[in-house]
Each structure stands twice: as C-alpha cells, then as structure tokens.
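Engineer: Residue strings, one per chain:
Protein chains: 2
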Amino acid sequence: MNSFTFQNPTKIVFGSGTVSQLGKLTEAYGKSILLVYGSGSIKKTGLYDEVMAQLKSIDAKVVELSGIEPNPRLTSVNRGIELCRSEKVDLVLAVGGGSVLDAAKAIAAGALYDGDVWDFMMQKAVIRDALPIGTILTLSATGSEMNGNAVISNWETKQKRAFGSIHAYPRFSILDPTLTFSVPRDQTVNGVVDIMSHVFEQYFTLTPNAPLQERLCESILLTVIENAEIAMENPQNYEARANLMLCGTLALNGGLISVGTQNDWASHGIEHEISAIYDIPHGAGLSIVFPNWMKYVYQERIDRFTQYAERVWGIERGNKTDEELALAGIEATRAFFTRIGAPATLAYYNIGRDNLDTMAKEAVLFGPLGNFKKLNEADVRQILELSL
Amino acid sequence: MNSFTFQNPTKIVFGSGTVSQLGKLTEAYGKSILLVYGSGSIKKTGLYDEVMAQLKSIDAKVVELSGIEPNPRLTSVNRGIELCRSEKVDLVLAVGGGSVLDAAKAIAAGALYDGDVWDFMMQKAVIRDALPIGTILTLSATGSEMNGNAVISNWETKQKRAFGSIHAYPRFSILDPTLTFSVPRDQTVNGVVDIMSHVFEQYFTLTPNAPLQERLCESILLTVIENAEIAMENPQNYEARANLMLCGTLALNGGLISVGTQNDWASHGIEHEISAIYDIPHGAGLSIVFPNWMKYVYQERIDRFTQYAERVWGIERGNKTDEELALAGIEATRAFFTRIGAPATLAYYNIGRDNLDTMAKEAVLFGPLGNFKKLNEADVRQILELSL
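The listed protein sequences derive, respectively, from chains A and B. Under our numbering, the first residue of the first sequence carries the number 3, and numbering increases by one thereafter. Under our numbering, the first residue of the second sequence carries the number 3, and numbering increases by one thereafter.
Looking at chain A on its own, in the form it has when it is part of the complex (with noise of 0.2 Å):
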C-alpha cells in the first residue's frame, strides 16, 4: 500500500428519532442558522417542523434556501452565499439527501470566499475555510454526511464539477434510518447503485498489497446487495434501511475503506458529463456506465476482477479461464442492477448520439480520466457508445 494521510472529524449520530439531538448538537455553532431542503418533501413527511421545533428550542434565528435541485445547481449555491452574508450566518444546515448537503457544502465555503465559488470546482482556488455545517440525511446514496465533497451543476456552461476539501466536512451529521422510510423506489434504487459505485472506485485499483482495504470493499458491496431488495419490498424495513444507511456513509468516508491505494473515479466523471447535458439522477447515470466501464477496463488486471466475482457474487471458478470469471463478475453486477430496476442504457433515457463528442471532451478536460486503466477522449467515447 502507499502512503497517506487519513482525518474525519465528522460527528455522528445515528439511529432512530435522533433528529431530537439537533439543538443540543446546533447550539456551539451560534444562533443564526441558513436551513437548506429541497423540493419540500421534508414538509410532508413532518420532518420540517421537527427541525424547526428543535432550532425554536435554542432561540435560533433560520433563513431558509429551499428547492435545491437533484442536480444541484450554481444558481441555488450563489442564492445561498448571498443569504449567508446578508444574515450573517452561523452554521449552515442541509437537509435532504446528497445534493443538499453538497449544496450547503458550497455554499459554506463560498461565504468565505472572496470570489467566484465556481472556482473551486475549476481547479483555479482551493478552499481555505469554512462556514460550520451540519446534516440530517433522508437519502442513502453519496455518503456527503461524513465526507468533504461536493458535486456542482453549471447550468449555463453544462458542466458538473466536483471538489473536496477537509473545510468542507459536516461537524455532525444526523443519520436516522426512518427517515428514508419515505425514499420511493426509484430513489431507493439509484441510492444503492451509488454506494456501489462508490466501492467499485475504490476497489479497482492498480495498488498491491492491501488485503485489508479490499476485504473493506467486499464487506460493504456484499452488506449492500444483501440489504437491497429487502428495503424496496419492505420500505419500512428499519434494520435493511439502517444498514443501507451505514453502507452508504462508510462508502465514501474520506477514503477510509481504500486508505493508500490509488482510486479510479473515471465513471463518475463520464456519468457526470452525461447528467450535465441529460440532468438525469446520478445513481441511474452510474447504473448505466459502470458495468461497461469494467467490460473495457478489466483485462488491465484481471485478478481483480476475479477475485470480486468470486468474493463479491460468490461465482465458483470451477473450471472457467481467468477471462470466463472475470466476466461472469461483471454480468452479475449488471444483472443485479437489471433485477432491481436500474437502467442498463442510455437509450433508457432517449439519449442518442448527438452529444457524444461533446461529453467526451469535456470529460477529459484537466486530463486523461481513472487510473486503473488511463482513458483519453477516445476512450470515453468508446464507453459512451457501449453505453447507447
């Protein structure tokens, strides 16, 4: 393994009706208190008042940014920037699920910032502070509760960037499983490919010797495929939501399950160059590319994708080649995704050809993409048309 550095300062809370910690857990952080939602779901399901009966309780004063969208855009993150200046806020307060807190991410650092927050997500600044933040998770997917990244959609430029940053991790985060009780389906579905996803980042990789990194990974995929199904039959399935919830947070927990081996993030960038264009959910965009991104990558090293077919899926080698096993992994995972409803193409969608070029060449745009095997424009095209 390589060497690193690992720090997550991210409190925790978790279980169920922990949301009547947020008072105790808000109060250090001072009085004046920006609230970031979504579509207003949250009013619905009565979480709305909880939160804001909790901020009463210490004499809070709460400005509200609400409708941040799936994708969330850099026109919600400037509103907010303006709202934590104006009402000069304390700790900045999301939410929801990934893409309000990625939100709240960016707008805490953009309030510290003298200049264009978009800068960040351009590589031209790096993040030197900022505002408190603080979470409460309805959505098991991109892990953002305890982690310090972020993904933003330029409406205007059609780009979808991201950025990390040890400022930008949540002081605490409320994870309460019920509170995905509610997630349709569809969301339940996309969440599970995310974590996923996560992992197969993390996973596939070039770096030897870390046995205990990759058993890491297996524990998480194996926990997640075994908790799946048994969310979307039983929404209210408090152990299977929990674990999902769990799965989820340590998927992508300031790297904690791959410390000092090399990441890949290649299919996470194509699949953002897709939902920058199309604006479709990232889990279903990620449901789509991944498994034809391990078809074009997996002879690189093919011993790692043996070994997670047999770990992962539990396919018996027998008397199959190295080639034979490695597939078979793969067509597990896309007949897993097929199996819990998850999209296998972008015609899924109705997105044809026409943008190809273009997602491409934006997505190699600081360079060549992944690291298990290093994918230039071409590449990426080749993928998107497995993809069609």
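Honestly, the hints are just simulated from the structure, not real lab data. One thing to keep in mind: the hints can contain errors.
Pairs of lysine-lysine residues, derived as DSS-like cross-links and limited to a Cα-Cα distance of at most 30 Å, are as follows [unchecked claim]:
(1) B:Lys26 - A:Lys26
(2) A:Lys13 - B:Lys13
(3) A:Lys13 - B:Lys126
(4) A:Lys126 - B:Lys13
Starting from the structure of chain A, add chain B where the hints point.
Structural biologist: Relative to the frame of chain A, chain B by itself:
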C-alpha cells in the same frame, strides 16, 4: 443494530519516512513539548535523534519523561503531570507503543484536572479537557494511536484500570511501519494477539442485524492472520508490517468496526487482573484467557461462533453439528496462537492458584463483566481455573 454516536478526530499520517512531518504537525500546538517514551530503545534505533531534530527545526522547548513501563504506572503518569504544570507544556508527544501512548493520555488529561488523576480510572471523575496529544507509534497492537482509551496500573493497590474520553484522542499520529521492523518476535506476537482480541471483544456480541460490522471485524481478523507469520519470519517485510499496523489502528478505532453493537470486554477485564498482579505482557495474558473465555461462553449464541469458524478460519461445516463447528473455530484460535508462539496457560509464567480469589473479586469491582455472557465472580474464577 442499536443507535450510536461516533466521532474520531485523529489525523493519521501513515507510511515510510513520515516522521519527517513531525515538525509541521507539531507547530500548531505551541513550543513547549513533553516528550514521553519508554526504556530507551528509540535511542538505539535512531528515532530519538530524528524526533529531536524535527522538534529543533521548529524551535521547540523539549522536556523529557522516559522510562514508561510496559504496563504504564500511575507513578510515571504523576511525574508527567508535574512536568506539564511546571514547564507549562503545550503538547504531550508520545513516542513508543501502546503503553507510552496510554501514559501520555493520562498525563494530558491529568494536567488539566484539579484532583487525583486516578479518579478517572476509578470512575470518580469524568475527563472534561486534556492537553493536545501527538504520537509516533513503534508497535502495532493497542490502537491507542487513534482512540481515546488508556489503561494505567496502580502498583500500590495492584489495580489496572482503563478510561476513555473524546478529549484523549491524539490530534495526530504518525504511523511508520518501518519503525516496527526492529520489534522483537515476542512483542510482535503479543501485538498480533492484542489486535485480534480487540476484534473479538467487538465481534462476539448479542446485538443482531449488524452484518456490515461483522464483516469489518472478519476483514481485520483475516488480514492479521494472513500477515502475522510473514512479519515474524521477515521482520523487515514492509507490506506485512504495514498491514498489521493498519489492522491494529482500525481494530480499536473509537468503535468504528462495531458501531451500534454491544461490546463484551470481559476477557480484557480478566487479563487486567492478571497483569495487575503479575505484570505479564497484556497480549500474552489475552492469549491465555481468550480461548478459555470462548469455551466458557460460546453456547450463549452459538451462531456467532459457527460463523466465526466458517468465515475466519475457513472451516467447512460438512457433517458437523453447530457445537462441533463452533468448537473447531475456538480450537483453530488456540492452535494459531500456539503456532505463533503465544502462551496458552498461566503456568507458562509460573502463576498458580494463589491469587485467583483476589483476581476474580477485583474483576467484578464495578459489577458483572462482559455482555455476551454476564460474568460474576464465580464465572471469572472458573475461566481463570481453565487458564491455569
């Protein structure tokens, strides 16, 4: 799984040559440093000179406290506390194994406490603050480098007691696997047993529905078993030493691998009574006690032990009954400990029946031990009898 709160703020800097980052890591905390270490082996290896050069590079004023014992003693802790006060220490820097780190934690907490530091160990007071702590680890074993726990021995009262506090987490820990190249074979063995025992304390639980946590535990056990003998046969094998070091750190990492489950810790409680009187190495004591604890309790929930046998030791069920399979796993544990040269009986240290009553009585001072099976004084005595 149960509800839980988790936070682990320690920054770890892992890899060969990372001691070169000490100056930069230390600088933020002030110039007056208490350097805590053990018998002086760090002077032989050259580590002491390297540390002093780093501290000199930031113009630090260094006060030394050497001679920390393998089971660190309250008298040493009190000497350290006096130094912190008289020298207005800003940071306690521990260089050594778990004992040195534990002593540093007690010193850092005691320095800011207006009372007897032993109060923390006797549960008479709670730690409200501590001086910042930094560590450089030289032995893979206790996990003290990334948790808030410490175990201190009171030689006057023959008591060995633990505390845990969020304030006692190191601010940073430097983990350089090459620093463990010179660890003697018996200490490597004790470290291996200690790491595995930390996992056992968390893995053998009655808490249902924690499949991810179970797999995280199994991941560490498998990796330790795989790497222990490689490190023993070739002490300078970097990958084996690195894998053991990472396993040690994650095995007792503020409870990361067992969040939301009830831990046991009875075997540690029993071992502490043995080494409180006989001053034997902690890992050696655990090697003696743990398999006997397993045999004494496995029937409480036999499926935990059959899963252990199958997943960790790869024992096939075949025609075995649950009972046979569980016992095969326990026997495999004992056989592994014996194969790597860890002791199996108290007789190995010429310990007889003399103090069994005292040990059993002290072990339950604060109530029954453990959770997998609640052990009263008579139970502890029986496990000690089995260990003769």
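Engineer: Has the given pair, lysine 26 of chain B with lysine 26 of chain A, been kept, meaning a C-alpha gap of at most 30 Å?
Structural biologist: Between lysine 26 of chain B and lysine 26 of chain A the Cα gap is close to 35 Å, so the pair fails against 30 Å, i.e. violated.
Engineer: Given the hint that lysine 13 of chain A pairs with lysine 126 of chain B, test it: the Cα-Cα distance must not exceed 30 Å.
Structural biologist: Given pair lysine 13 of chain A, lysine 126 of chain B holds - Cα atoms ~27 Å apart, limit 30 Å.
Engineer: For the pair supplied as a hint, lysine 126 of chain A and lysine 13 of chain B, is the alpha-carbon distance within the 30 Å limit?
Structural biologist: 27 Å, holds
Engineer: Are the Cα positions of lysine 13 of chain A and lysine 13 of chain B separated by 30 Å at most?
Structural biologist: Satisfied, since the Cα-Cα distance of roughly 14 Å is no more than 30 Å.
Comparing the model with each numbered hint stated earlier shows that hint 1 is the single one that does not hold.
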